[in-house]
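Participant: Per our numbering, the sequence shown runs over residues 472 to 778.
These are computed hints drawn from the structure, not numbers from a lab. One or more hints might be untrue.
[As the list claims (entries may be wrong)] Pairwise CB distance ranges, derived in the manner of DEER restraints: (1) F642 / V618: 14 to 22 Å; (2) R596 / V739: 12 to 20 Å; (3) T640 / R596: 23 to 31 Å; (4) V577 / L602: 15 to 23 Å; (5) L494 / V577: 43 to 51 Å.
Just so it is clear, CB atoms sit at the ideal spot from N, CA and C, and this is done for glycine as well.
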Amino acid sequence: METRPTTIHTEDALAPRAPWSFLRAALPGGFTRWGWGLMFGWMLVLLGPALGWAGHLRRAAGWSALPNHWGESISARDIWELWENGGLQHRLTNSPTVHLFGIGLVVVLWCGWRMQAETAELKARLSSWLLGALDTLLIGVLPLGLVAWLTNLALTKVGGAGLDALGWTAFFGRPLVWMALIAALNLQWWFCRLGRAAGLARGYRLHLGESFMQLWSHPIQWGLVAIVGAALRSLLPLLVILLAWRMGGGTTFRVWLFLLLQLLVTAVNGWLLGWLLRTAALFTGHDAIVRDARAALKEYPRDAEAG
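All chains should be built: construct the whole structure from the sequences, respecting the hints.
Facilitator: Okay, here's the thing in structure tokens:
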């Protein structure tokens, strides 16, 4: 009889691995049909509101002052008055270009799911996609929301300490907390739907527990992935806006250059999202292999006694 192995950690293929170890493996593979679809969907999400705004200016004023007056300051009160009393809300919400936003969002969600399932060598079922979201509501909203609320509360108190450095930290940190919460909920959803796609052979409660632990067994690494990913995807469009603001309008060419830069940054953000989707899929697949190996070790004495 063969000697029962004492651990799986000596086997590289079966050793547990942290999320960051999959970042390099997930780096290639973004320029596939689903990766292109993901980037194209994000560009549709951007183009919808942009074309709606341009169409409103053309219909309401007959021309756009953006090339001549881009870069001039506008107050929050001016934006509110324009939205509430200028007819902008009605025109944009009923504009056909808003449909581009909805279509683009659907393309992003579905192409991301197909890419992730393909990476994990699973079948991308719509039922897994939907029921995984329901699982996320059960196990993700309360703990992640509590962490975000406590962090936001701490930043609020830090910001009121009277020091400029702490005030700026709270100013930028509080929005980042809520963006990171959305990113973390997405991570939890990815784990839940991948677990659904793999099947619930060992029971629904075990599926919820495994999906929960895939996120919370590595809180620091997944937390940094959520925070850095959210910050980076927000920073790139902001840098383009700041560049265009300093350049000013002046010519229609500069406005079109601004739009093209925004499209480029949006495509990059789509690729970054695909990178994280593939990372989560590779981590989940390896975690399932490790769990199966551990289950086999636990069943070994029973099998040996029966033999």
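Participant: Are the hints correct? Go through all of them and say.
Facilitator: Going down the list of hints, with the structure as the test:
no. : hint                    : in the structure
1   : F642 / V618: 14 to 22 Å : 20 Å, holds
2   : R596 / V739: 12 to 20 Å : 30 Å, violated
3   : T640 / R596: 23 to 31 Å : 44 Å, violated
4   : V577 / L602: 15 to 23 Å : 18 Å, holds
5   : L494 / V577: 43 to 51 Å : 28 Å, violated
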